[in-house]
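Mind docking these for me? Both chains are given alone in their own frames, and the hints should help you get the complex.
Protein sequences appear in the order of chains A and B. If you read the first sequence in our numbering, its first letter stands for residue 1, the second for the next number, and so on. If you read the second sequence in our numbering, its first letter stands for residue 1001, the second for the next number, and so on.
The hints are simulated quantities; they were obtained by calculation from the structure and are not laboratory data. The structure displayed is predicted, hence computed values, not measured ones. A portion of the hints provided could be inaccurate.
Stated by the list, open to error - Below 20 Å or equal to it, Euclidean Cα-Cα: the simulated SDA-like pairs (lysine to any residue) are:
1) A:Lys-275 - B:Met-1123
2) A:Lys-275 - B:Gly-1132
3) A:Lys-275 - B:Arg-1131
4) A:Lys-86 - B:Ala-1310
5) A:Lys-86 - B:Phe-1303
6) A:Lys-86 - B:Pro-1317
7) A:Lys-86 - B:Gly-1132
8) A:Lys-275 - A:Val-239
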Amino acid sequence: MLLGTLVYGFINSCILALVALGFNLTFGISGVANFAYGAIYIFSGFLTWILLNSLGLPYLLSVLISILCASCVGLAMYYLIILRVKGLSLSEVMATFGLGLAIMELFRYFDFVGFKYTLPVFFDGSVAIGDVYVDYQRLIIALIAVGLTLCLYLFTHHTKIGLAFRAIAQDERTALTFGIDSDRIGALSMAFGAGLAAIAAIVILPLGTIAVEGGYEVLINALAVCIVGGLGSTVGVLVASVLIGYAQTFTANYLEPHWMMLVSLIAIAVVLVVKPSGLFSHQKELEERI
Amino acid sequence: MKRRKERIDRGIKARSEDIFALSSYREMLYLLVPRAIPVVGLLGVSLFLSPYWKEVFISTAVYALLAISWDLLISAGLVSLGQSLFYGIGSYVAGALNYYWGWSPLFTIPVATVVGGLLCTVMLLPVLRLRGIYFAMVTLVLPLMLMRLVEATRILGGTEGLTGLTPFPSPLMSLYVIQIALLIALFGFRRIIDSDYGLVVRGINDNDRSVMSAGINIYWYKTQILFLGASVGSFAGAFGTHVDMFAGMPGFALDYSLLPVASAVVGGMGTFAGPLLGAFILVPLSEILRALGALRIVFYGLFLVVFIVALPEGIFPYMQRKYHQFERWVEIE
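Only chain B is shown next, with the shape it has when bound in the complex (with noise of 0.2 Å):
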């Protein structure tokens, strides 16, 4: 077994980059509190809502997730700008596999999670050799095209999709069910990108041909993080089934895709922490805007343009690095 020596105190960046020690209650509070403000926010928030806002929530936690799955796939340098291909083929099996075979919930959504992933990677395999712009010129594309592969064909209940599924034995299930996975893909990819193997992942976004030049499979490497993602994604298609009851063309429309990323700029990449964020701020806001009718969404064109301008880095690495710099006064002794 090949082993490497770490610092304990590495990873933590409380006092300084590099520098860090634990030497009191309130230290470990400082690190502490951040950490639990996603769970306690997601997991108590969430029961004192009105009906219809949890049924936002449960669609703001959607987006969520793809968010995060997208910000996975940057961190290993591959852009997608079609997320909403792992939410329509995730959508699609879980339906096709309810609506054919009358699987439950408890089946299709773990199924349509593996083999959705497996379908789209297999499907971007082809491409994983592009680069930046190109990959993501073909994830744009490819959801647009299965979109007109559906309707062209009608295979799959064509316009009118696959309706009438097995909905959730309650909402409040529901509710629970993708905040847990929602937490575990924002602990679960950060501790990812934290290990050693991440190391890897974040050195292909940083240089690829360097990481290729000390021996490593690069491809490999972003064949797994895109299948985690894909899986991810593809889960959030499946949950999102069965709870709006409907599997259709409208899941490769072009809002799973652009609202993702959007949140992931307004959050600010690369720290899966951002992109939840971005989306607990942009989808609630859509639906509050709603009030204005029409000029909702123009509202929220220009709230977008004036945040990515103002604040380009995103909001949560701003945030992260106002909690870092926090100061207090001290005596001297």
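Chain A with its partners taken away, still in its complex shape (with noise of 0.2 Å):
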């Protein structure tokens, strides 16, 4: 029980990172909350489906249409919606929530409900770790939020444009001197941030149906691991996810399962109070009170 507890933990901590990288990575750089996020999800999710069952077209060619549709979605979001209304912070929320809901009820309008929308394992099968059965998709969840946490810190770390997105992130004014273009790289960060959403789709998207209420609840488990790790901070959502994760895991298992809503609520609210720009946020620590 303890052992199943602990590998299923750590298998939704990796969930609860994979859907957050991309909504972290957007807010860290660009400032911008991308409440659409969930949207996106479901977007790349039902589009891949499309591509698959309807197109008929090789697995592998549809997982990299969608992703690239995804980002161009972000993208466009950039350039027609957030660029309006930047800096009004509850505007561009709204707009983005907005859009979100439209491109969401939209499946729901044409009918995209159902158990056969799901999509493929990568493959079949499953693994015994000590008496824990686990099968390879989980596993491979776990490889690649791994991986991709890797990616994302090469990228940012020794790429030109992963340094300008840095550059951004810590100080506007100074990176505009240095010939970086902002807007360039907020819709850039935004097309990244859609981009990785959709990834996280396609990976975790194969363990259930697709619905358009995970949407909401991707957002919403976004957000609660963006707020405890410090919104913006790659480290904070590691950890966060791992804490809300192992949180989540053992109050289903060893309290009632609707217990672990509440469980994760409580833990953004604590961090919120005690420690509001979350754990590992420090630049941010002088505006969060007076």
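Rendered as structure tokens:
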């Protein structure tokens, strides 16, 4: 029981981290809280399904196309919507939320509801760790979560665009004097965030069916992880997803499952009261309270 | 008693920002008409609606009250994403008083207004020092948490809620109660914000540190504003409970948090009339779109996006600006 909880807790943490990475990237760099994040997640899930089943494209191609499409949606969203209300954070939130609502409910309108909407798993079968059986898909989720985090680290530390990302995140004005175009970087960060959402969708969705409600759940989970970890901090996201992931799994296994949501909400509330800018965000501590 | 001198013409921006002269009947009308529109509009139009639209009107007014209370909080720099906290607490207090002790709505609503306001203030007191987005996140999470708490512990009727509460004696009475409350909140809050007290409140929003360095205890001011806003929200909750004859978990639903914010963003923040206008556009719009079936929310979302992108300042400030820019031809003497 304990080993099982530990293993599944780790996988739950990986899922949370995967879900939160994209949201965190966009917020950390351009300061835009992308409330259409859950919609993009669901959008790429359904798009992959359509490409696979309705158009009969090969798996790899349809995955690539849907990641690309999600990124394009992010890019378009930045130039068409965010750029016009930049700096008005409430308008940004309401506009992205409205768009997300529209995208998700459009799928509901076209009757994308049911058990047939599932993505294929990468490999069938399961493996035993001790006396706990874990299917391959869950292992792959863990691997991809770890790999993606590494890739992101390398990307932001060793490529030109990645360094520009960090420059804008740290000090926009100084970055501007170095000739970094903050609008272009903002748009790119949005596209990258959306692309990460698509990757998360393709990896995680095979565990269940693609449902519109999943979009809201993903948004809430991403928000929870980012708040507890500290908005915009990657280390914070990792630590927070481990904390919340294990907390959820332990309450689900040892208490009743409907306490699960309560635990993550209480975690958020406690962190906000005690250390509002999250566990790992140092630079914002001055502004958080007066 | 401390006094300060004030020019009579200040505060009314007819000709320009600070010069103003009333010299004719027409100019008085120019000032009076915009203020008369909400009064006449609310009290007059509601009489001619069909029973169905009267109900829509009542729920619109509830959302408008929440939006106005949101606007008061934002005037003091408190960004609330959890108006449903106020609504839910108000509705549970009124519902519980009515359900367990059989109090009539005549008593439950005032009690729920004050007690609900106090409860919400006490709940948010520990985080009052947080700024901007951090305060907003706490308010967003609290109602969701209370909702799960009710579900998990099964207190106050659990998932089923408290049903069969006493309704208002007549639908017309509920219509008038909410209209009068709405007008009191609208004009009262505008008055408060225009007073010297409101000057301090707006100062806290603009620059809290400089207000502090003027020797003013900003937490006390913030607490008062929070209590005022929470009371109005709780009133809306208590009222809504007796209209629906039900108090339950839906009171903490995200609808009551998001629609007021959307109304304020669409209508224009910080003007009180803006959120009212926004609510009276958004809620009936969603009713009209009901004919479209499932496409309703799609259009609703897109409408929100288009509005925010096309008119970021909001409808009311835009209209106000245009109204102030009215011109007319006069003869040169």
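Here's how the hints hold up against the structure:
1. A:Lys-275 - B:Met-1123: With Cα atoms ~17 Å apart, Lys-275 of chain A and Met-1123 of chain B stay inside 20 Å; holds.
2. A:Lys-275 - B:Gly-1132: Holds, at roughly 14 Å.
3. A:Lys-275 - B:Arg-1131: holds, 12 Å
4. A:Lys-86 - B:Ala-1310: Holds, because 13 Å separates the two Cα atoms, which is no more than 20 Å.
5. A:Lys-86 - B:Phe-1303: holds, 19 Å
6. A:Lys-86 - B:Pro-1317: holds, 19 Å
7. A:Lys-86 - B:Gly-1132: Holds. Lys-86 of chain A to Gly-1132 of chain B sits at ~17 Å (cutoff 20 Å).
8. A:Lys-275 - A:Val-239: Given pair Lys-275 of chain A, Val-239 of chain A holds - Cα atoms ~15 Å apart, limit 20 Å.
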